[in-house]
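Asker: So the chains spell out like this:
There are 4 protein chains.
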Amino acid sequence: MNELTELEVEDESARDAGSAPADNTIELVPRFKDQGYAADLVSRRRQWLEEQTDCRLDHVGACSIPSERMRGNIENPIGASQVPLGVAGPLLINGEHAQGTFYVPLATTEGVLVRSYERGMVTLTRAGGVVSRLALDENRICPVFVFEDVVEAHEFTQFIKDNLPVMRAEAEATTRHGKLIDIDCHQIGREVIANFRYFTGDAHGMNMIAKATDQACKWITQHSRARHFYSLSGYSSEKRASGVLLSGGKGKQVTAGALIPRNLVRTHLHTTPEQLCDMWHRTMIAQLSANVVGYNGQFANGLAAMFIACGQDVANVVNSSVGVTDFEVTERGDLYSSVTLPSLTVATVGGGTALGTARECLEMLGCAGAGQAPKLAEIVAATLLAGELSMGAAIASGEYVAAHETYGRNPPE
Amino acid sequence: MNELTELEVEDESARDAGSAPADNTIELVPRFKDQGYAADLVSRRRQWLEEQTDCRLDHVGACSIPSERMRGNIENPIGASQVPLGVAGPLLINGEHAQGTFYVPLATTEGVLVRSYERGMVTLTRAGGVVSRLALDENRICPVFVFEDVVEAHEFTQFIKDNLPVMRAEAEATTRHGKLIDIDCHQIGREVIANFRYFTGDAHGMNMIAKATDQACKWITQHSRARHFYSLSGYSSEKRASGVLLSGGKGKQVTAGALIPRNLVRTHLHTTPEQLCDMWHRTMIAQLSANVVGYNGQFANGLAAMFIACGQDVANVVNSSVGVTDFEVTERGDLYSSVTLPSLTVATVGGGTALGTARECLEMLGCAGAGQAPKLAEIVAATLLAGELSMGAAIASGEYVAAHETYGRNPPE
Amino acid sequence: MNELTELEVEDESARDAGSAPADNTIELVPRFKDQGYAADLVSRRRQWLEEQTDCRLDHVGACSIPSERMRGNIENPIGASQVPLGVAGPLLINGEHAQGTFYVPLATTEGVLVRSYERGMVTLTRAGGVVSRLALDENRICPVFVFEDVVEAHEFTQFIKDNLPVMRAEAEATTRHGKLIDIDCHQIGREVIANFRYFTGDAHGMNMIAKATDQACKWITQHSRARHFYSLSGYSSEKRASGVLLSGGKGKQVTAGALIPRNLVRTHLHTTPEQLCDMWHRTMIAQLSANVVGYNGQFANGLAAMFIACGQDVANVVNSSVGVTDFEVTERGDLYSSVTLPSLTVATVGGGTALGTARECLEMLGCAGAGQAPKLAEIVAATLLAGELSMGAAIASGEYVAAHETYGRNPPE
Amino acid sequence: MNELTELEVEDESARDAGSAPADNTIELVPRFKDQGYAADLVSRRRQWLEEQTDCRLDHVGACSIPSERMRGNIENPIGASQVPLGVAGPLLINGEHAQGTFYVPLATTEGVLVRSYERGMVTLTRAGGVVSRLALDENRICPVFVFEDVVEAHEFTQFIKDNLPVMRAEAEATTRHGKLIDIDCHQIGREVIANFRYFTGDAHGMNMIAKATDQACKWITQHSRARHFYSLSGYSSEKRASGVLLSGGKGKQVTAGALIPRNLVRTHLHTTPEQLCDMWHRTMIAQLSANVVGYNGQFANGLAAMFIACGQDVANVVNSSVGVTDFEVTERGDLYSSVTLPSLTVATVGGGTALGTARECLEMLGCAGAGQAPKLAEIVAATLLAGELSMGAAIASGEYVAAHETYGRNPPE
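Protein chains in written order, with the numbering used here: chain A, 1 to 413; chain B, 1001 to 1413; chain C, 2001 to 2413; chain D, 3001 to 3413.
Note that these hints are calculated values from the structure, not bench results. Don't be surprised by glycine CBs; every beta carbon is placed ideally from N, CA and C. Watch out, some of these pointers could steer you wrong.
[As the list claims (entries may be wrong)] Distance ranges between label pairs, derived from CB positions:
id, chain 1, residue 1, chain 2, residue 2, range
1, B, P1066, C, H2228, 57 to 65 angstroms
2, B, E1405, A, W219, 13 to 21 angstroms
3, C, Q2099, D, Q3047, 49 to 57 angstroms
4, C, F2199, D, Q3047, 38 to 46 angstroms
5, C, E2331, B, R1176, 35 to 43 angstroms
6, D, Q3047, C, N2263, 30 to 38 angstroms
7, C, Q2099, D, R3069, 51 to 59 angstroms
8, B, G1100, A, D34, 25 to 33 angstroms
[Unchecked claim] To give a feel for the contact side, a few chain C residues facing chain B, derived at Cβ under 7 angstroms:
id, residue
9, G2257
10, P2261
11, N2263
Looking at chain A on its own, in the form it has when it is part of the complex (with noise of 0.2 angstroms):
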């Protein structure tokens, strides 16, 4: 039923095995020829499944993206899942890289978020706009080296300093848009944990920087004493949340922030900067207590919303979601207003950023293709705020359950 590349190393054996007599049982999914992307591949793939699982896939065979484009992006290919789609805006954005008024496309079934982001970005494009910076771009993989003993462990992190000329050429021979900007060493007994540091343009990066670095170890297991290593080791945090995601250096560090008049507060947002500074520091408390790394409302909401409409990496809105939120009040009464996000990753080329609904969304924002990646970092950063304001503005005034009430419910069927 399959046809095999050569290539496909990881699989060939699993299905090879297939044909002994005791796996007659297990039935896999046909892959058919050239991996199956082709159409009518597609619908026959489908229903197979249909037919193993005796339901119908009628929406998920409504899908608009051409299949043979999604070659690269997903394997076993059906047809696609579709995520309502609703857009919050205006806001006005005084980036460094994004400037003027955004409509934002925002993908999610949880009623009520779309307009909780709307209300703050009204908020603050009524306030004057959202000022908002860059701070660090890089993502970064960190393959882990085991040695004999602690001290040839300590002298590999010399051997890297003395070497990175070396390994930077490797490395950046793999890849036309990536730069290696330096390698951290972090000894751990007789392992090092190496931190890779790219610049990687306006790609996620994931898959250039690790066959750079791929070369790189290489090159390394051939003139260090490094006895073996993992080509990943999870220190990046890519995926994942830890603590040193606060420092950065996973994807691009952003900051947005903005002044909101007292009066705004109130009528806008149905409280003062005092309630909102108030319940920050309650519910900061709260989380700590709760050993929550960052603090913030619901950045996952909003980045799980503009990533599935942008076509990112859903699964990064992890490492992304870690960042802070800020409520101050000023010396005049008003508001100031901030998130933070350390470690954010976006792209605007790669991935899934070209594919159907997502390049239209790219476009909706002036985002689509390269150079565009810091400019979407500067609106997900506003738009996060916006989100930030309106859901502590919900809880300051006790207005968060009855909003959910007014949105958050299904017709009856």
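With the hints as your guide, set chains B, C and D onto chain A.
Answerer: For chains B, C and D alone, coordinates are given in the frame of chain A:
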């Protein structure tokens, strides 16, 4: 342009304020009558947006979900986002609730992801399948109360214990499905975080328990010395990563495990139990050094892909991905592998579970509707175990980069 | 040179092995007969050490604790370390257990520390004193059990619930004072961490509950499917910092608070309630960014100084210092300040509490002997509150560096 | 009763305020002239305290440190606390700075502690000794600056980079020994945490670098847009436990390791390398589940005992005990064991290092005075490794409880 119901408390002022001359420059998103869910109004809103942003939204408009069905799931709808959908399997599960062979829908744009999970699933199925168990099934919301001093705060914790039945009656009067299990108090200075623990059936339940707790809080403010309260504090760790998640209580606590014979580890995963355990040891130290919450390889990947496919609240990937993967060599030289998800948030009713592709994907798993949430939880856990095996093996065997080179490349445009 | 009793299982081989020729170069510390606690043997050991290391140990020998009394507290004794002891006060406390005015002994070599605490104490006393309350009084030890698979591990948690009375009987048969409150199980894969929670009276209790739990574990291994167990797992967070400490259960959970009139904040602390709160806000964000567990200014300073003075187990400063300080401006413009110590480990019997200076310091506080541990806990909390006020004020007012310049300088030698 | 110098800024008001009639009830601790360090004044203060608290302080008075030498280390002195002192060894170290055989002084009241470390030391010495290396030697202090908005905060980080030489000159003008290595900025909203990193030689250095940084901050406030600053923020993690400590920079980062032949593990530790590694694996998962910062068995025990003995700042045990222990089975079946201390705070000059018993203990180790701090750091690391081996083995072999029964019992009174 808009017709507002009297319940739209939180946005009214924002829009009313728009009548002032200085705000003429602010173009609000058209809401239309009855919130604008009718097909033609969604279409008009999309066209308005195309004009505002000078872009085409054809794919966004190619939405097969009836727009009226989106009410309660999104505001300002303009269509739907499409995310490529693949299928991985077969996955044999011997759970308490999930029993049989499953084909799992995964929505993602990350090449190699589906293949990676598929490899793990085939391995597990050939090994005899995955066992899975649910240990806890709760959700929580944690309002915070403020008092005159530490003595009043201290006495409040006793007050809550003494009046649990009354508060349970108040809370449960608002819901058919939610059951208040208990209330745990955490005093910090003169504030008390009250952890309201509920059983929420097959629903996500946050709206349900927010409303129920609000009712109980109103009783509390009338009968206790609490000076004021905030309905949410973030202590629950909804949609955020925290240390307390590891102790469970935010969603379903579920475990999945499998014994994999040594020769299957070699033929299907291209490594040995010893190598996998050595890799576990090294990367555990690395993640510990980054102060990661929990330890696993790629929980977030599988969760995001399943959550998008199955209409879950995708932002809950953040809390759900805090968990632990374990690999061990048994005395006979085989591999024992397991995953533990202390805080998995899944639902089979409410939220986005009834919409178009989501409903179809839940049906594909036999998990649509009431009574299926525990089954879905076990399938999620078994799926994640497959991903951990495959990714762990790719790192242990050194094939990780090659696999991404093979599957993660987009076709030339 | 040594006479070993048969109970010295763990060192016997080390010393026996010393008889081999190759080990003649290794000079063991003389243990002498009966472990060498007699005054002359301590003196001989000290002389032996002076010869080995070519130094004089006159101050070490100037020890007023009878050496025989050190049995059970130290091995290979050579005398005592002396730590400068100062006194701070008066500290007025209106606790449940501690009531009246106290003068607190603080052993330290950090200049300014005693003065800093004294300033806070005088301020608190003039403000009308500190209120303090004990919320929880437990200690715990957490063995870990290993099973065949996740199913057996899952069933074990039910087994523990079903057999709690039996295990309580087993555990409590070994101790007069310890009471087994409950056992909470945490399953991770195929292992289960069993959190044995005890009331330990006025003793530190780790030896007591280790012995009791060992007895219960023996019963468990005979009656359950557990394949093996380790008596300690570190989950209890004894002498380590962790997130779970913030939820209490490791020692005494105690809170202390005080309302300080605005003018006292100015005259005694040289700042304002607003400045203190602004400082709290800023440094909270900073500590959050460093991923600090808990939030406070100098809990560790006061704890270390009191623990050394009062014969506590000083290593417990690590878990005890995980706690939260809070400053708030009241509606009238005064300061409300509090400290919360969720995991304070203090004892008034056992350990070093009966020895020489420690006994005297406990008597100074009216805390020597049985029934006094809750009182000591409240005094510790009130003392820490004094330190938080003083240090917080020094940072808020900008006097921190000047204060250390004044008090932290050693005289010229 | 008191004579105050004009420098006693922080207490003056507290005492002056004491002249008001309402405060006559408050009995301040007698300070005496010249702060009361003369022997007779210390004695009079002790007598005053005995009368106030109705207790005898004979042991406290049995202090051999000349009271005048306590100036700069303590205020309101009344004598000294005595902590039982034992010695463990021999410990063979092959470090960069520490070379040879050491006998280590340990001050504690926890029975079995000295014996436990001794067992590990004998084992390590018989195995050929411990290697140890210092990777980093810094200390830091982290003031926080506040700005008008996020843009000014953003620009400040560049300002700091541009003006590093000036600030270095300002800072180093205040100290002979401190060297400003660099300043790292962390922007959170409109505030910036500035991490001032110093080399502080053999001193603890906090007073030194607080003064130096204060000087630099004065220059900053005059030349930048910073609206105000706080001299400390807690970001440095001095005397607190945090995630960033694992990356080093707070004190000395030091590693110690040893290869222990299989038969020595059996004869001296009563276990096997495999059992030790299994125990490591299980307890690692348990500590991870408790969200412990770092992973080790009893760092705090050894650190507290050495810090008290050697005149270190004992509160620094909190940051110093955040570290990692590792056990591995080598290919030959032997044990490789290591400890990593990323943030060890030790000094051989300043603080309490010159006082009485502390000086003698440092001399015992050949670590008294200038140039010895790196050596002391290596000895501490090697000592902790001994403790990890012994405690780990006691848990792995099941002898933990028996050992405490043997050594942890006080004699009947």
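Asker: Does the Cβ-Cβ separation between Q2099(C) and Q3047(D) fall within 49 to 57 angstroms?
Answerer: Because 26 angstroms falls outside the window, the suggested range is violated.
Asker: Next item in the hint list is P2261(C). Is there a CB on chain B closer than 7 angstroms to its CB?
Answerer: Cβ of P2261(C) sits 14 angstroms from chain B, so the hint is violated.
Asker: Closer than 7 angstroms between Cβ atoms is the bar; does N2263(C) clear it against chain B? Give me holds or violated.
Answerer: Constraint on N2263(C) not satisfied, violated at 20 angstroms.
Asker: Can the suggested window of 51 to 59 angstroms be confirmed for the beta-carbon pair Q2099(C) and R3069(D)?
Answerer: violated, 38 angstroms
Asker: Between F2199(C) and Q3047(D), does the C-beta distance stay in 38 to 46 angstroms?
Answerer: Distance hint for F2199(C), Q3047(D) holds at roughly 40 angstroms.
Asker: Could you say whether the range 30 to 38 angstroms given as a hint is met by the Cβ separation of Q3047(D) and N2263(C)?
Answerer: Cβ of Q3047(D) to Cβ of N2263(C): about 35 angstroms, so the range 30 to 38 angstroms holds.
Asker: Return holds or violated for the Cβ distance of E1405(B) and W219(A) against the range 13 to 21 angstroms.
Answerer: For E1405(B) and W219(A) the Cβ distance comes to about 18 angstroms; the hint holds.
Asker: Looking only at beta-carbon atoms, does the pair E2331(C), R1176(B) fall within the given range of 35 to 43 angstroms?
Answerer: Holds - the Cβ-Cβ distance for E2331(C) and R1176(B), about 42 angstroms, lies within 35 to 43 angstroms.
Asker: Look at the Cβ atoms of P1066(B) and H2228(C) and judge whether their distance stays inside 57 to 65 angstroms.
Answerer: Check passed, 59 angstroms falls within 57 to 65 angstroms.
Asker: With 25 to 33 angstroms as the target window, see if G1100(B) and D34(A) comply at their CB atoms.
Answerer: At 32 angstroms between Cβs, range holds.
Asker: Would the stated hint for G2257(C) survive a check requiring a Cβ distance to chain B of less than 7 angstroms?
Answerer: Since the shortest Cβ distance to chain B is 4 angstroms, the answer is holds.
Hint compliance for this structure: hints 3, 7, 10, 11 are not met, and every other hint is.
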